[in-house]
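Student: Those protein sequence lines, which keep their order, are chains A and B. Letter by letter, the first sequence follows residues 2 to 788 in my numbering. Letter by letter, the second sequence follows residues 10 to 178 in my numbering.
You may find that some hints are simply not true.
To be verified - The calculated lysine-lysine pairs, modelled on DSS-like cross-linking and capped at a C-alpha distance of 25 Å, are:
(1) B:Lys60 to B:Lys32
(2) B:Lys139 to B:Lys60
(3) B:Lys36 to B:Lys65
(4) B:Lys139 to A:Lys106
(5) B:Lys60 to B:Lys113
(6) B:Lys113 to B:Lys139
(7) A:Lys183 to A:Lys106
(8) A:Lys155 to A:Lys53
(9) B:Lys113 to A:Lys53
(10) A:Lys53 to B:Lys140
(11) A:Lys53 to A:Lys183
(12) B:Lys65 to B:Lys113
(13) B:Lys98 to A:Lys155
(14) A:Lys106 to B:Lys113
Just so you know, these hints were derived from the structure itself, not from any lab. Here the structure is a predicted model, which is why all the values come from computation and not from measurement.
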Amino acid sequence: MPKDHGIGASNKRREDVRFLTGRGKYTDDINLAGQAYVHFVRSDVAHGTINKIYTTAAAAADGVVGIFTGADFEGVGGLPCGWQVTDRHGNPMQEPPHPVLAQGKVRHVGDPIAAVVATSYEAARDAAALLDVDIAELPAVVDMKAAVADGATKVHDELESNLCYDWGFVEENRDAVDTAIKNAHHVTTLELVNNRLIPNAMEPRVAVGAYDPTNDESTLYTTSQNPHVIRLLMGAFVLGIPEHKLRVVAPDVGGGFGSKIFHYAEEAFCTFAAKQLKMPVKWTAQRSESFMTDAHGRDHVTKIELALDAEGHFQAIRTETYANMGAYLSTFAPSVPTWLHGTLMAGNYKTPLIYVNVKAVFTNTVPVDAYRGAGRPEATFQLERVIDVAAREMGIDPVELRRKNFVTEFPYATPVAVEYDTGDYNAVMDKALEIADVAGFDARAAASQAAGKWRGLGINTYIEACGIAPSALVGQLGARAGLYESATVRVNATGGLVVMTGSHSHGQGHETAFPQVIAEMIGIDESMVEVVHGDTANTPMGMGTYGSRSLAVGGSAMVRATEKIINKAKKIAAHLLEASADDIELKDGQFSVAGTDKSVAWGDVTLAAYVPHNYPLEDIEPGLEETAFYDPSNFTYPAGAYICEVEVDPDTGKVTIDRFSAADDFGNVVNPMIVEGQVHGGLAQGIGQALLENCAYDENGQILSASYMDYAMPRADDVPMFSVDHSCQTPCTHNPLGVKGCGEAGAIGSPPAVVNAVVDALQRNGRDVRHIDMPLSPSRVWSAMNG
Amino acid sequence: MQMSGEREIAADPGVVWAALLDKDVLKEAVPGCQEMTGSAEDGFEATVVQKVGPVKATFKGGVSVSDIVEGESLTLSGEGKGGPAGFAKGGAKVRLEPVEAGTKLIYDVEAKVGGKLAQLGSRIIDGFAKKMADQFFERFQVAVEGPPEDGGGEEPAEKKGWLKRLVKS
């Protein structure tokens, strides 16, 4: 019987009432009295020297209140990078400055050169058309390997080269890995591309800056996944505003997928200009700007080698990856191909020796940073593709080969520095084979054949490190931030609660799921709990939402705060019941003395806390409000097995996904419906990457896929009805809820399943194709099958 | 992108050469050209209105003539800035050979676009550039030769006659 209340109940999402009726309040819905509008003049060349900016005609245009260029920001800090990677020689990465508006040079198409502020959007845009920029175009570097070749044009003249860092992990294992591969019975080598993606959140980015001269306070309304992080980065590193004079508000946010983690130039600009001009300044991205200014995702080129013994046991893995950073370092860019990627190269398998080499490269392209999965999809894709190829080369069933190498004993310390606390990879594989009806595949393949189609079956597993992250650990790894989370639980006199969380909800359903946890703990109805998030003025310092961390880290902080509430409430109850606090039990919202029929209700205690007429004032303070910060002791490790069935049209190469099954182990689940929705969304994005999406640049650094005419997003008819199961549950051992996180799994686990399935369909029909790079467009598949 | 082609023009090489350096002929030949000033020696200034897929813009820019081998070959280079629409750059290497019917004009064209033109129009840009080059030399030919006998050209016959007279004068 499914639960209808508390943890485990599929409560309908309360936030959907406003989202589905057009009453959401997004940043673009915020309009302040007397606000001005900014239009950014952006570079239309990928690389060039700014000779002169002619602003006179634009400044004289109707409605213009100010024009800003890089010169106005010379005394202002640049956009900071939040993670410093140390290279394999022990040196820090090369870290170029990232000005708010370009200074001297432009380095990618879309780089902001000037900002025209006017009394209306139309006036700002019209005036911007009068602004002339004399740019001497320079040769652009686009291809990563060409960018690090001798004599390549440098994206940043002051750096030694375009190589941000050359990272080795684990460097001490390098020789042992080389030896193991040299002496192995069999080595499977695969070269592949993890295609560059554009995030395409439904809501484009928006920023509104405001300044109050009466108290010298600045406010930024912005589309962010982490308002406190923006406040810290922008206040401390860019504009020099102390936190108590800077408020950042991220109201309803229409999707982030990582792209709204980062601190962007437009946020700093609007905050800066509002103070300069003494009027609110608003920017709303046009969709074209989103394509060329939101941080892109993925863009890795990898060679992976897997060494196996005669029985198929994995002996060693060696990888060499080129990772595109784009023209500047976005906020967390350096961490993605390193600590979020190299540490996952063990996958679900007990490979004793692993060496990961990553060369991060500057190019004249839009900066690249975390995008749903961030490093883990890249790791999973390489590993699960090379295992599939190895299985074929060695004549071992791909499921058998995986099972032979699964980690089965926990905790398991991988050779790449992480320790899996718990998991059961055979269980999720069994579940996936069951829900995918793999037993019925042959009959379906025969039916496809009869209809002139080629059917293929693709299977893979995945593991991810979520719930980021232990602050002390990430500090050692170069993070310039802690990654705890916070919650304040405020109980009102009449018993209702407000949770002020440092997490941020932009599609995750926190407003629904978080109250379920508190309702379960206290034994009250969810309707008594409200969630507040997204405003630095009324939430404790928190690190925000990404890396599938909100429930595992933010939820744990909320549990700790609620535990403090309950402990205090028990003392109050003990006083009211004239008993010892140790004897007080809380069940279904009633405090009772163990072994007696004496009890007081939750509401009696909360009222006593705020109307302390009969209250132990000598022992405890009035009121009932507690804050907790939770810093996890380890990552969480969600894992699963995914199975994809495709039909390939042999005449056209078009791939149709007929069935997709996902068996995930997320540990305990608070709201199964929300979890299923998260998996659906992730699968759609992973399938989008595998079949459709690709950010294309030409050799001059012009971005070619910068509209929905040329950038193919997955539509409803590109994906099948998903079969999703999360009944395999090995609870996380180190957080109080036993939860692992589910937000990224679908996007991490699905691309290899799709590619494995297409290659399988071609192999079953006599085409000896080892690999096809994503996206598997009809032309690529047709070319592969026709040699 | 690059493309090349040739066409035969019923005029002797001296006439064709003079036409290539004449701003009025160039104005007539450049598709969408609103204005053309300057000279071959100092470079031309041009204003061109064009629509590429969803992007319509006025391009202002210069056209320069270089690599001149008198009467035989030259290079025309142009760059037009379309403001918010981006930019287009191009060059044409043109060679003239005398043939029985008059002059064979051989060309190699290279074109490049940037900004919104590249972002929104990449799928159609190759076809567009080819069309532009074809139209340029087509219109150039008509401008030099005058209207076809059957009057089937795009422009009013008297205008072409005027151009032909102008070039020959």
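Student: Against this structure, judge whether each hint is valid.
Tutor: Verification of the hints:
1. B:Lys60 to B:Lys32: holds, 23 Å
2. B:Lys139 to B:Lys60: Measuring from Cα to Cα gives roughly 14 Å; hence the hint holds.
3. B:Lys36 to B:Lys65: Measuring from Cα to Cα gives roughly 19 Å; hence the hint holds.
4. B:Lys139 to A:Lys106: violated, 33 Å
5. B:Lys60 to B:Lys113: violated, 30 Å
6. B:Lys113 to B:Lys139: OK: Lys113 (chain B) and Lys139 (chain B) at ~19 Å, within 25 Å.
7. A:Lys183 to A:Lys106: With a Cα-Cα distance of about 47 Å, the restraint between Lys183 (chain A) and Lys106 (chain A) is violated, given a limit of 25 Å.
8. A:Lys155 to A:Lys53: Distance ~21 Å between Lys155 (chain A) and Lys53 (chain A) Cα, so the pair holds.
9. B:Lys113 to A:Lys53: violated, 44 Å
10. A:Lys53 to B:Lys140: Status violated; Cα separation ~34 Å.
11. A:Lys53 to A:Lys183: violated, 57 Å
12. B:Lys65 to B:Lys113: violated, 34 Å
13. B:Lys98 to A:Lys155: holds, 24 Å
14. A:Lys106 to B:Lys113: Distance ~45 Å between Lys106 (chain A) and Lys113 (chain B) Cα, so the pair is violated.
In summary, the structure is inconsistent with hints 4, 5, 7, 9, 10, 11, 12, 14 from the numbered list given earlier, while agreeing with the others.
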